[in-house]
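Student: Modelling step: build the complete structure from the supplied sequences, incorporating the hints.
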Amino acid sequence: MANIISDETIEYVGILAKLELSGEEKEQAKKDMGSMLDYIDKLGELDTEGVEPMSHVFPVKNVFREDIVTNEDVRDEILKNAPGEKNGMFTVPRTFE
Amino acid sequence: MAKQYETVIGLEVHVELATKTKIFCGCSTAFGGEPNTHTCPVCTGMPGSLPVLNKQVLEYAVAVGLATNCTITQYCKFDRKNYFYPDNPQNYQISQLYLPICRNGKVEIETEKGKKYIGIHEIHMEEDAGKLIHDEWDDCSLVDFNRSGVPLIEIVSEPDMRSAEEVIAYLEKLRMTIQYLGASDCKLQEGSMRADVNLSIREVGAEEFGTRTEMKNLNSFKAIARAIEGERERQIDLLEAGEKVIQETRRWDDNKGESYAMRSKEDAQDYRYFPDPDLVPIVLDDAFLDQIRAKQPEFREEKMLRYKEEFDIPEYDIQIITGSKHMADIFEETVALGSQPKKVSNWLMVETLRLLKENNMDPEDIRFSPENLAKLISLTDAKAINSSVAKEVFEVMFDQNVDPEKYVEEKGLKTVNDEGALRKTVEEVIANNPQSVEDYRNGKEKAIGFLVGQTMKAMKGKADPGMINKLLKELL
Amino acid sequence: MSILDMTACQLAAAIKNKEVTVLEATKAVLAQIHEKEEKYHCYVTVDEEGALAQAQEVQKKIDAGVLTGALAGVPVAIKDNMCTQGLLTTCSSKILNNFVPTFSSEAVLNLQRAGAVILGKTNMDEFAMGSTTETSAYGETKNPWNTEHVPGGSSGGSAAAVAAKECFYALGSDTGGSIRQPASFCGVVGLKPTYGRVSRYGLIAYGSSLDQIGPLCKDVTDCAAIMEVISTHDKKDSTSVFREDTDFTSALVEDVKGMRIGIPRDYFGEGLDSQVRDAVLKAAEVLKEKGAVVEEFDLSLVEYAIPTYYTIAAAEASSNLERFDGIKYGYRAEGYEGLHDMYKKTRSQGFGAEVKRRIMLGSFVLSSGYYDAYYLKALRVKALIKKAFDEAFAKYDVIIGPVAPTTAPKLGESLSDPIKMYLGDIYTISVNLAGLPGLSMPCGIDSKGLPIGLQLIGDCFNEKKLIQTAYTYEKSRGVFGRKEDR
Chain F
1 MANIISDETI
11 EYVGILAKLE
21 LSGEEKEQAK
31 KDMGSMLDYI
41 DKLGELDTEG
51 VEPMSHVFPV
61 KNVFREDIVT
71 NEDVRDEILK
81 NAPGEKNGMF
91 TVPRTFE
Chain X
1 MAKQYETVIG
11 LEVHVELATK
21 TKIFCGCSTA
31 FGGEPNTHTC
41 PVCTGMPGSL
51 PVLNKQVLEY
61 AVAVGLATNC
71 TITQYCKFDR
81 KNYFYPDNPQ
91 NYQISQLYLP
101 ICRNGKVEIE
111 TEKGKKYIGI
121 HEIHMEEDAG
131 KLIHDEWDDC
141 SLVDFNRSGV
151 PLIEIVSEPD
161 MRSAEEVIAY
171 LEKLRMTIQY
181 LGASDCKLQE
191 GSMRADVNLS
201 IREVGAEEFG
211 TRTEMKNLNS
221 FKAIARAIEG
231 ERERQIDLLE
241 AGEKVIQETR
251 RWDDNKGESY
261 AMRSKEDAQD
271 YRYFPDPDLV
281 PIVLDDAFLD
291 QIRAKQPEFR
301 EEKMLRYKEE
311 FDIPEYDIQI
321 ITGSKHMADI
331 FEETVALGSQ
341 PKKVSNWLMV
351 ETLRLLKENN
361 MDPEDIRFSP
371 ENLAKLISLT
381 DAKAINSSVA
391 KEVFEVMFDQ
401 NVDPEKYVEE
411 KGLKTVNDEG
421 ALRKTVEEVI
431 ANNPQSVEDY
441 RNGKEKAIGF
451 LVGQTMKAMK
461 GKADPGMINK
471 LLKELL
Chain D
1 MSILDMTACQ
11 LAAAIKNKEV
21 TVLEATKAVL
31 AQIHEKEEKY
41 HCYVTVDEEG
51 ALAQAQEVQK
61 KIDAGVLTGA
71 LAGVPVAIKD
81 NMCTQGLLTT
91 CSSKILNNFV
101 PTFSSEAVLN
111 LQRAGAVILG
121 KTNMDEFAMG
131 STTETSAYGE
141 TKNPWNTEHV
151 PGGSSGGSAA
161 AVAAKECFYA
171 LGSDTGGSIR
181 QPASFCGVVG
191 LKPTYGRVSR
201 YGLIAYGSSL
211 DQIGPLCKDV
221 TDCAAIMEVI
231 STHDKKDSTS
241 VFREDTDFTS
251 ALVEDVKGMR
261 IGIPRDYFGE
271 GLDSQVRDAV
281 LKAAEVLKEK
291 GAVVEEFDLS
301 LVEYAIPTYY
311 TIAAAEASSN
321 LERFDGIKYG
331 YRAEGYEGLH
341 DMYKKTRSQG
351 FGAEVKRRIM
361 LGSFVLSSGY
371 YDAYYLKALR
381 VKALIKKAFD
391 EAFAKYDVII
401 GPVAPTTAPK
411 LGESLSDPIK
421 MYLGDIYTIS
431 VNLAGLPGLS
441 MPCGIDSKGL
451 PIGLQLIGDC
461 FNEKKLIQTA
471 YTYEKSRGVF
481 GRKEDR
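Residue numbers (the numbering used here), protein chains in the order written: chain F, 1 to 97; chain X, 1 to 476; chain D, 1 to 486.
Careful, some of the hints might be misleading.
If you only want the chain F side, here are some residues facing chain X, beta carbon under 10 angstroms, derived [as the list claims (entries may be wrong)]: (1) D7; (2) G44; (3) K61; (4) D73.
Computed cross-link-like contacts, PhoX-like style, restricted to lysine-lysine with a CA-CA straight-line distance of at most 20 angstroms [as the list claims (entries may be wrong)]: (5) X/K77 <-> F/K61; (6) X/K20 <-> X/K187; (7) D/K386 <-> F/K61; (8) D/K235 <-> X/K77; (9) X/K173 <-> X/K187; (10) F/K31 <-> D/K420; (11) X/K20 <-> D/K235; (12) D/K420 <-> F/K30; (13) X/K20 <-> D/K236; (14) F/K86 <-> X/K462; (15) X/K414 <-> X/K462; (16) F/K42 <-> D/K386; (17) X/K55 <-> D/K236; (18) D/K345 <-> F/K26; (19) X/K77 <-> D/K236; (20) X/K173 <-> X/K106.
No lab work stands behind these hints: they were computed from the structure. Everything numeric in this text was worked out from a predicted model, so none of it was measured. From the three backbone atoms N, C-alpha and C, an ideal C-beta is built for every residue, glycine too.
Tutor: So, in structure tokens, the structure goes:
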């Protein structure tokens, strides 16, 4: 395998992605990511000098809405799905020090 | 000799745009709703929801860019900035990194040291986050997404400022420009304008920049000035002690007058920006830019020059009046309705400013209409009401924008111009106040003031003081 | 003909002619679901009560002459990654185990406006990540042709439900082949429309620049009729495109004379099962006999499509799936210490292995220092792939090839080696990268008795050419179905 994924990298990506992998999962993830990156490295064979990165396949542009209030209050319905709710708000573990 | 240090400051200014709806959905941006009542699937990050750009946001951003001499990016895109935080419902913020809407601008500021240009690196459009409220009772935090998705522009300056004074001048300049455009009310206290200060120091004469810190949570010009001074001192102390400045984000506590680092090991500061696939590119042709350019208002500097030429009012008045677009509009519209500029200016400079101050309001909060101010001025011009009644009416008008003509009519405040009735009252006052009459006759000129007051009181204020004076002197 | 054997259009016609009521049809298909679900497990949620209520409502509207469309009264199954108001929507993930959307996706609303009766939500690979429907948190779906085999994926539940007559047609979504490949494995017709043709509003995103909703159905006529209903311009989806050429049923014409059909040699190389190859080439032969001009050509870049796709799709997915954090909806872990621990525990417990694998990869390729080398590089290769297709469509009206290298693999065979599993997407993935329409339809049965799929690829917004070609082929091929049904 050309791409060796370190413990630090898996740890770091876990922080970014908010995923906590068990020891076994970590080893598997290192292996999987390494082989995927080896595979992706195949793209390096292609000369893409001067090619514009294409994020949209079609030249769709300038899609706007007018500045008009269209939404009604759907708070109660939205809050029904919340794991934690209080006073019309979503509860989360405390964020202030 | 101690080393001399220079402060190098750049600002990131967030401005909430004055649109009716949020940047990517049709929810209202109005303040003061119950928590989460201005929300929908888009601004609460519901699975399956998709953003669509509010055109007004784009127009405001371009207008601000043109007013600050920026180059408008005619092919621009939105990017996602990925980070987890509960006030950010999608856990990514839609912003612009790679192709911001405006770049390479500059604005001119003036301080005691003279005029100077401050460069603008870029302006980009983005969405605001929701609000977190701490719940002491349950020891948790509560999330309200009413502000989530409110449109913002972030104006990033070049590190061109060297003092708190320049920073304030720059902020004032931005605020004035944006207010004149009607793109935002730019209130620091209410958070519709927020400034983060990037500050570093270097020895005078040095070419290289020092390591900078970013200071957040600055809610007033005073706090900004204090934070700049505090951070400058902190950095100098570090360097003098042989330590290094660490590049970090710090939070200013204005009550304590000090800052602390906002650090977390869970915060990797790696935002993994990439173009948002849910939004399509914005391609702006010259015609669109011309259209926005044509709508640009007369800005403050031009207005001041014109006032000087057109209206015979003091320079100081011009400064104050043009210091608020709203006040300048009221001034001009009232004058256009036929009122004498000097009188309009007086009402604004004296009574209006007094009431704003007493009520802790900004000129933007003025509610009375130019029509009503013009009516009030013509009532006084016609001597239909005297000046103290006029002030009384103005207070009500300031508060509720009442029609002064109707109000004066309804409350029966018109000056009594019937000399017979007035003469009768004056005679009664003379009869009832022999002591004052005697004092006056004994040469105490001041005593007549008391008698005028008593007459006015008896007339319930609806008399012309000049006429009372005349009658008193005649009858005494 | 029994109700269950009818196609969607046949059933709608029978309802219109008062030969069958909507309620009868709904009850018949619910009975089939009762009987077969234990065996196939096509659905995550069956909304029996709701379906019966809708059936009565729809019948009233048909009787009143309000609903007259070609699909009025026909019961449908919806892939469980499309929001349905008031009806559990899980994406086959534990992290959405209790999510009830407050709104319906635009495609579903379009069906309902056309008089569809929603039966329930079909099983899928978790968040549409997979090719077998085995990554579902709610158990695997089995292939109705042979229950030891997978139905394909990620829209495996939808494809199996159509094949098992547990619905008359279904909606699926296709990010890298997720409609076409299960359609192929289950012997039904599936179409991935041109990107932008069908609104994505309400589709829970996997790879936003690649995702597209489309039909899975019994024949090409149904496919055209469903496309007419779901292809609408939606102002809520910025990538939705306004088109006037949505009269897909007008392309149900048995004629391919002069149609230029290209067969990419690159699709017939190593790894392709010989029975699949033979069946596909035989189908090409049929079209040639019908007057099409068929020739081989070199498409190029085929082997680069998979790494390009997995870079882009994983990157977008890593961002799209950030919203599942235990705050606003869905699963929240118990026993956490503080905010970040809550995030980590919720997501680690809520997502399955394949989803985590792709989120990790996607987060990595976007992370500081790698963005240019991986993500931007992939977007550049995507441009090259699009260009290769543009060149091909300068010469051909339709490209035909296999859908997948093999017929449906056995359950449990695929997940162990991700790269091998990803290689199974080689013929479908570039269609998504280039935003093109692709149609999958049965063209044979292999020695194991499993259906073989034929893929027709068109230029952007050329669905009608695909439908015309597919319809012509279908007419010559004749009726296709499982032995037990024939």
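Student: Now look at each hint and say whether the structure bears it out.
Tutor: Hint-by-hint comparison with the structure:
For F/D7, the shortest C-beta to C-beta distance to chain X is roughly 16 angstroms, which exceeds 10 angstroms, and the interface hint is violated. Look at F/G44: its Cβ only gets to about 20 angstroms from chain X, farther than 10 angstroms, so that hint breaks. Given the 10 angstroms rule on beta carbons, the hint for F/K61 holds: about 5 angstroms separates it from the nearest Cβ of chain X. Here the hint on F/D73 is kept, as its CB sits about 5 angstroms from the closest CB of chain X, short of 10 angstroms.
As the CA atoms of X/K77 and F/K61 are separated by approximately 10 angstroms, the hinted pair is consistent with the 20 angstroms bound. Proximity of X/K20 to X/K187 is assessed by CA-CA distance (about 17 angstroms); at most 20 angstroms being required, the pair is judged to hold. At most 20 angstroms may separate the alpha-carbon atoms for a hinted pair to count; D/K386 and F/K61 meet this at roughly 19 angstroms. Between D/K235 and X/K77, the direct Cα distance comes to roughly 19 angstroms. Compliance with the 20 angstroms bound is thereby established for this hinted pair.
For the hint linking X/K173 to X/K187, the alpha-carbon distance of about 13 angstroms falls within 20 angstroms, and the restraint holds. Only pairs whose Cα atoms come within 20 angstroms are accepted, and F/K31 paired with D/K420 is accepted, the gap being roughly 14 angstroms. This hinted pair checks out: X/K20 and D/K235 have alpha carbons roughly 19 angstroms apart, not beyond 20 angstroms. Taking the CA atoms of D/K420 and F/K30, the gap is about 17 angstroms. The hint holds against a cut of 20 angstroms.
With a C-alpha separation of about 18 angstroms, the suggested pair X/K20 and D/K236 falls inside the 20 angstroms cut-off, and the hint holds. For the given pair, F/K86 sits about 58 angstroms from X/K462 by alpha-carbon distance, which is inconsistent with the 20 angstroms threshold. Restraint check for X/K414 and X/K462: satisfied, since their Cα atoms lie roughly 6 angstroms apart, inside the 20 angstroms limit. The hinted pair formed by F/K42 and D/K386 meets the criterion: a straight-line CA distance of about 18 angstroms does not exceed 20 angstroms.
This hinted pair checks out: X/K55 and D/K236 have alpha carbons roughly 14 angstroms apart, not beyond 20 angstroms. With a C-alpha separation of about 15 angstroms, the suggested pairing of D/K345 with F/K26 holds against the 20 angstroms cut-off. For a cut-off of 20 angstroms, the pair hint linking X/K77 to D/K236 stands: about 18 angstroms separates their Cα positions. Note on X/K173 and X/K106: the hinted pairing holds, with a Cα-Cα distance of about 11 angstroms set against a maximum of 20 angstroms.
The earlier numbered hints that this structure contradicts are 1, 2, 14.
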